[in-house]
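Peer 1: Chains as they are written, first to last, in my numbering: chain A, 1 to 234; chain B, 1 to 457; chain C, 1 to 83.
FYI, nobody ran anything at the bench for these hints, they're computed from the structure.
As the structure is a prediction and not an experimental result, all values here were calculated from the model.
Each residue gets a CB set at the ideal place from its N, CA and C atoms; glycine is no exception.
Do not take every clue at face value.
What the hints assert, rightly or not - Covered, in the sense of this in silico footprint (three residues per stretch, anywhere, with C-beta under 8 Å from a C-beta of chain A), are these stretches of chain B: (1) 22–30; (2) 86–99; (3) 239–248.
Stated by the list, open to error - Here are the simulated BS3-like pairs of lysine-lysine, each with C-alpha atoms no more than 25 Å apart in a straight line: (4) 4(B) <-> 82(A); (5) 266(B) <-> 74(C); (6) 14(C) <-> 51(B); (7) 262(B) <-> 69(C); (8) 13(C) <-> 49(C); (9) 14(C) <-> 42(B); (10) 48(C) <-> 125(A); (11) 42(B) <-> 125(A); (12) 283(B) <-> 124(A); (13) 19(C) <-> 74(C); (14) 48(C) <-> 59(B); (15) 427(B) <-> 266(B); (16) 69(C) <-> 51(B); (17) 124(A) <-> 51(B); (18) 59(B) <-> 163(B); (19) 74(C) <-> 125(A); (20) 4(B) <-> 191(A); (21) 426(B) <-> 262(B); (22) 69(C) <-> 19(C); (23) 150(A) <-> 51(A); (24) 163(B) <-> 69(C); (25) 13(C) <-> 266(B); (26) 74(C) <-> 48(C); (27) 283(B) <-> 14(C); (28) 51(B) <-> 48(C); (29) 283(B) <-> 125(A); (30) 51(B) <-> 49(C); (31) 426(B) <-> 125(A).
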Amino acid sequence: MINSYRIALAGNPNTGKSTLFNALTGLRQHTGNWAGKTVSLAEGTVKHKDKTYQIIDLPGTYSLFSNSVDEEVARNYIVFEKPDVTLVVLDATSLERNLNLALQVLEMTRNVIVCINLIDEAEKKGININERILTRKLGVPVVKISARNKIGFPMLLDTIDRLVSGTIECNPVQTTYSEEIEEKITTIESKIRSLVGNSISSRWLALRLLDGDEALLNEFNRRLVLNDQVRREA
Amino acid sequence: MNMKELYSEAQAISSPQLRDDIVQQLYSRSRELCDVGVSYTKTKADTRTEKLDAIFTSKIWGFPIMLTMLGVVFYLTIAGANIPSSMLAEFFGWLENYITSAFQFLHAPDWLHGILVLGLYRGSTWVISVMLPPMAIFFPTFALLENYGYLPRVAFNMDRLFKFVGAHGKQSLTMAMGFGCNAAAVMSSRIIESPRERMLAILTNNFVPCNGRWGTLIVLASLFMAASFTGGFKSLVTTGVIVGIVLFGIVVTFFVSWALSKTLLKGVPTHYTLELPPYRRPKFFDTVIRSSLTKSWTVLVRAVKVAAPAAILTWVFANIHIGDTSILLHAVGFLDPFGKMLGLDGYIMLAFILGLPANEIVLPILLMGYLSTGSLTEVDSLVDLKQIFLDHGWTWVTALNVMLFSLLHYPCGTTLVNIYKETKSKKWTFLAFLIPTVLAILVPFIVYQTAKLFGWV
Amino acid sequence: MVKSNKISLFQGKKGNLIKISSISLEGVMRRRLLDLGFVPGAIVEVIKKSPLGDPIAFRVSQTTIALRKEESMKIEGELVNHD
Ligand SMILES: Nc1nc2c(ncn2[C@@H]2O[C@H](COP(=O)(O)OP(=O)(O)O)[C@@H](O)[C@H]2O)c(=O)[nH]1
Ligand SMILES: [Mg+2]
Numbered sequence: 001m002i003n004s005y006r007i008a009l010a011g012n013p014n015t016g017k018s019t020l021f022n023a024l025t026g027l028r029q030h031t032g033n034w035a036g037k038t039v040s041l042a043e044g045t046v047k048h049k050d051k052t053y054q055i056i057d058l059p060g061t062y063s064l065f066s067n068s069v070d071e072e073v074a075r076n077y078i079v080f081e082k083p084d085v086t087l088v089v090l091d092a093t094s095l096e097r098n099l100n101l102a103l104q105v106l107e108m109t110r111n112v113i114v115c116i117n118l119i120d121e122a123e124k125k126g127i128n129i130n131e132r133i134l135t136r137k138l139g140v141p142v143v144k145i146s147a148r149n150k151i152g153f154p155m156l157l158d159t160i161d162r163l164v165s166g167t168i169e170c171n172p173v174q175t176t177y178s179e180e181i182e183e184k185i186t187t188i189e190s191k192i193r194s195l196v197g198n199s200i201s202s203r204w205l206a207l208r209l210l211d212g213d214e215a216l217l218n219e220f221n222r223r224l225v226l227n228d229q230v231r232r233e234a
Numbered sequence: 001m002n003m004k005e006l007y008s009e010a011q012a013i014s015s016p017q018l019r020d021d022i023v024q025q026l027y028s029r030s031r032e033l034c035d036v037g038v039s040y041t042k043t044k045a046d047t048r049t050e051k052l053d054a055i056f057t058s059k060i061w062g063f064p065i066m067l068t069m070l071g072v073v074f075y076l077t078i079a080g081a082n083i084p085s086s087m088l089a090e091f092f093g094w095l096e097n098y099i100t101s102a103f104q105f106l107h108a109p110d111w112l113h114g115i116l117v118l119g120l121y122r123g124s125t126w127v128i129s130v131m132l133p134p135m136a137i138f139f140p141t142f143a144l145l146e147n148y149g150y151l152p153r154v155a156f157n158m159d160r161l162f163k164f165v166g167a168h169g170k171q172s173l174t175m176a177m178g179f180g181c182n183a184a185a186v187m188s189s190r191i192i193e194s195p196r197e198r199m200l201a202i203l204t205n206n207f208v209p210c211n212g213r214w215g216t217l218i219v220l221a222s223l224f225m226a227a228s229f230t231g232g233f234k235s236l237v238t239t240g241v242i243v244g245i246v247l248f249g250i251v252v253t254f255f256v257s258w259a260l261s262k263t264l265l266k267g268v269p270t271h272y273t274l275e276l277p278p279y280r281r282p283k284f285f286d287t288v289i290r291s292s293l294t295k296s297w298t299v300l301v302r303a304v305k306v307a308a309p310a311a312i313l314t315w316v317f318a319n320i321h322i323g324d325t326s327i328l329l330h331a332v333g334f335l336d337p338f339g340k341m342l343g344l345d346g347y348i349m350l351a352f353i354l355g356l357p358a359n360e361i362v363l364p365i366l367l368m369g370y371l372s373t374g375s376l377t378e379v380d381s382l383v384d385l386k387q388i389f390l391d392h393g394w395t396w397v398t399a400l401n402v403m404l405f406s407l408l409h410y411p412c413g414t415t416l417v418n419i420y421k422e423t424k425s426k427k428w429t430f431l432a433f434l435i436p437t438v439l440a441i442l443v444p445f446i447v448y449q450t451a452k453l454f455g456w457v
Numbered sequence: 001m002v003k004s005n006k007i008s009l010f011q012g013k014k015g016n017l018i019k020i021s022s023i024s025l026e027g028v029m030r031r032r033l034l035d036l037g038f039v040p041g042a043i044v045e046v047i048k049k050s051p052l053g054d055p056i057a058f059r060v061s062q063t064t065i066a067l068r069k070e071e072s073m074k075i076e077g078e079l080v081n082h083d
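Please take these sequences and the hints and turn them into a complete structure.
Peer 2: Take a look at the structure:
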């Protein structure tokens, strides 16, 4: 289908991903106020304007460094399944920790929308978030919503619409590390690019290899073998 | 050059410090972003969560409140389900008369009426009237607690005890899920990251009675333990018995976890981190509707799907004869001596065996078994129900032992399948079957023999 | 005035603010703690003990995280006193 797009919901546990998923798709994923209740990838669809979106509710994770099965599942989906948009859902009341995950996603993929949820709670606590500044600093659209109260949905859907139709473009900011690390990245990044081309961010992959992410290496090889099989059979 | 070589090359120039540096840098970037993008207007902090935590996780009140919550949820479920349950049962009984008349009118053969009405219809309506009302009350009540944020506090309060037996505090979360459905709870044990403690949570989850077993527990508790009470007080006593059974299940969980971590799953408790999110008032209506309608409905459909064929099968067994006794009675006769040792009987054993696909159908199968031999043909009320049990020699010890067997016995088929999926090991799946089975035989055996010794029965 | 001395998170009293200087844990636990914001330089507030004394809840990077004694003993930092 030409007008069908895949949107993945990523984020820390308990930031309201399933609540947003339910509100958008009309489905009834399990929600609850504790970290870790979403265990399987749920899928549902929502129509907006002339487009159909397939929404995927990824398990919530504290990072995407493959420390656990959940993190691998979420990471693999974002990197290898390449959703058209990755929606990072953040908790407005604890942005410090949540942005840390958003920065990781920005390193992995290009089409990202940062969705700051629980904005009603933040307002109650006197937390004011300037999404324009954050949009500028992050290089991707930042939208404020309240999934539970269905606030900010038109803006969110419009942003998705404009992103997939190419009206706006993402330019995700890349975190700069110490000089020492940057040098190491440079050393292997070009080799990585000649191997994987533009299909995966070579900078991100360089970082993961430097970090010794064996699970990622295995996943990579597994997928290579699968691809070969498919090609041979074809 | 391939990815593996690149990986080795990267590793050669990398340092063990790298991850620390990366995360530290990410966090300081986050903090910078917060500094420019976030401002605070109110000076006074929101202290609601702190105040509530001072009560819910208090040294003095933490545990009593947990116990009270458990009791209140069960009381609401039991007291609230009472009337709708008997109304449904009456309605289905009333409807049955008409269906039977219709069969007679059409001159349908007796066996067809037997299979469809006495088997299928009775079995599945029984499941509906006994299960639906408690589920429709329990699920939303529990969902409200869950969405409010109380569950992590339970894990916080209980962790010390879990650590003592070598398990993980988050096991209390998977146990809480078990009240709904053990099969789902086994999946949710993924929140425990360390494999050893996760295995403990998976192997012991079954000792939390799922909603499929409450029907049995509630009916028996109110028939045999709370029989001499009436009205609201009756529900209270029933609740007391159920809470007692649940607490016993928790004690068994601790004991089995402890024994396993001293033997098959040796090892030190590994890492533990638990997030305590702020309390958030759930959207009442959404939460209640979502959990009571959707969840009850899906669970019910599953139950009826299993109950229908099992009920037909039981009816067929009860009505096909080899020699001059039915297949059912042959099986019952075979199992009876063993059952008697545990203070149970052959019908009960057979019902639990045929109930492997789903716990919901144990009691209906048992009743059909009893009815297939007795003179009674219709169960109109709980009084009749009790008479059927009494006719077959039940005492309060029989009831207690059926409850204990139900609490402790092997997980249902779906749960076993999920255990296999999660552990990917035949050995552990088999143990998940074996450990409860052994306990379910041992405990009623001890209870019955003790009762006999003291001349209570 | 800000005066400081070194203690572990486990030794902290309710209300103490501790600036993390070192984490003597390895492997998955260390990485998990980093993910949650227990990074050197971060300021952690001691919130409260659980009813049985262990675990203890801490406030870190705007969230509340409970740690067992085994881990909180191995995270050290400077006590930051505002007086
Ligand atoms: N006040 C408020 N609560 C919300 C909002 N979105 C989600 N929640 C609550 O936050 C908790 C976690 O939501 P859930 O969707 O299960 O989070 P997930 O782990 O990211 O899937 C639930 O108790 C929701 O009711 C919101 O916009 N405002
Ligand atoms: Mg979720």
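Peer 1: Work down the list of hints and note, for each, if the structure agrees.
Peer 2: Against the structure, the hints come out as follows:
1. With a threshold of 8 Å between beta carbons, the proposed coverage of the segment 22–30 of chain B by chain A holds, since 7 of its residues qualify and at least three are required.
2. Residues of the segment 86–99 of chain B with a Cβ under 8 Å from some Cβ of chain A number 0, which does not satisfy the need for three, so the listed coverage is violated.
3. For the segment 239–248 of chain B, the stated coverage by chain A is not satisfied: 0 residues place a CB nearer than 8 Å to a CB of that chain, which falls below the threshold of 3.
4. Taking the CA atoms of residue 4(B) and residue 82(A), the gap is about 23 Å. The hint holds against a cut of 25 Å.
5. Between residue 266(B) and residue 74(C), the direct Cα distance comes to roughly 23 Å. Compliance with the 25 Å bound is thereby established for this hinted pair.
6. This hinted pair checks out: residue 14(C) and residue 51(B) have alpha carbons roughly 14 Å apart, not beyond 25 Å.
7. For the hint linking residue 262(B) to residue 69(C), the alpha-carbon distance of about 21 Å falls within 25 Å, and the restraint holds.
8. Only pairs whose Cα atoms come within 25 Å are accepted, and residue 13(C) paired with residue 49(C) is accepted, the gap being roughly 9 Å.
9. As the CA atoms of residue 14(C) and residue 42(B) are separated by approximately 24 Å, the hinted pair is consistent with the 25 Å bound.
10. Using a Cα cut-off of 25 Å, the hinted pair residue 48(C) and residue 125(A) holds, with the two alpha carbons roughly 21 Å apart.
11. Between residue 42(B) and residue 125(A), the direct Cα distance comes to roughly 7 Å. Compliance with the 25 Å bound is thereby established for this hinted pair.
12. Between residue 283(B) and residue 124(A) the CA atoms are separated by roughly 16 Å; this keeps the pair inside 25 Å, and the hint holds.
13. The hinted pair formed by residue 19(C) and residue 74(C) meets the criterion: a straight-line CA distance of about 14 Å does not exceed 25 Å.
14. Pair hint residue 48(C) plus residue 59(B) holds up; C-alpha atoms about 11 Å apart against a cutoff of 25 Å.
15. Using a Cα cut-off of 25 Å, the hinted pair residue 427(B) and residue 266(B) holds, with the two alpha carbons roughly 16 Å apart.
16. Taken as a hint, the residue 69(C) and residue 51(B) pair is honoured in the structure, with Cα atoms around 24 Å apart against an allowance of 25 Å.
17. Distance restraint check for residue 124(A) and residue 51(B): the Cα-Cα separation of roughly 17 Å lies within the 25 Å cut-off, and the hinted pair is therefore satisfied.
18. For the suggested pair residue 59(B) and residue 163(B), the alpha carbons sit about 18 Å apart, so the restraint of at most 25 Å is met.
19. Only pairs whose Cα atoms come within 25 Å are accepted, and residue 74(C) paired with residue 125(A) is rejected, the gap being roughly 33 Å.
20. Taking the CA atoms of residue 4(B) and residue 191(A), the gap is near 12 Å; set against the 25 Å cutoff, the hint holds.
21. Under the criterion of a C-alpha separation no larger than 25 Å, the hint pairing residue 426(B) with residue 262(B) is consistent with the structure, at around 22 Å.
22. With a C-alpha separation of about 18 Å, the suggested pairing of residue 69(C) with residue 19(C) holds against the 25 Å cut-off.
23. With a C-alpha separation of about 20 Å, the suggested pair residue 150(A) and residue 51(A) falls inside the 25 Å cut-off, and the hint holds.
24. Straight-line distance between C-alpha atoms of residue 163(B) and residue 69(C) comes to about 11 Å, which keeps the hinted pair within the 25 Å bound.
25. The suggested pairing of residue 13(C) with residue 266(B) is violated, with an alpha-carbon distance near 34 Å, which exceeds 25 Å.
26. Using a Cα cut-off of 25 Å, the hinted pair residue 74(C) and residue 48(C) holds, with the two alpha carbons roughly 18 Å apart.
27. Between residue 283(B) and residue 14(C) the CA atoms are separated by roughly 33 Å; this puts the pair beyond 25 Å, and the hint is violated.
28. Annotation: proposed proximity of residue 51(B) to residue 48(C) holds, straight-line Cα distance about 12 Å (limit 25 Å).
29. Distance hint between residue 283(B) and residue 125(A) is fulfilled; the C-alpha atoms sit about 19 Å from each other, no more than 25 Å.
30. Simply put, residue 51(B) and residue 49(C) have alpha-carbon atoms about 14 Å apart, close enough for the 25 Å limit, and the pair holds.
31. Proximity of residue 426(B) to residue 125(A) is assessed by CA-CA distance (about 51 Å); at most 25 Å being required, the pair is judged violated.
Violated hints, in rising order: 2, 3, 19, 25, 27 and 31; the structure is consistent with all others.
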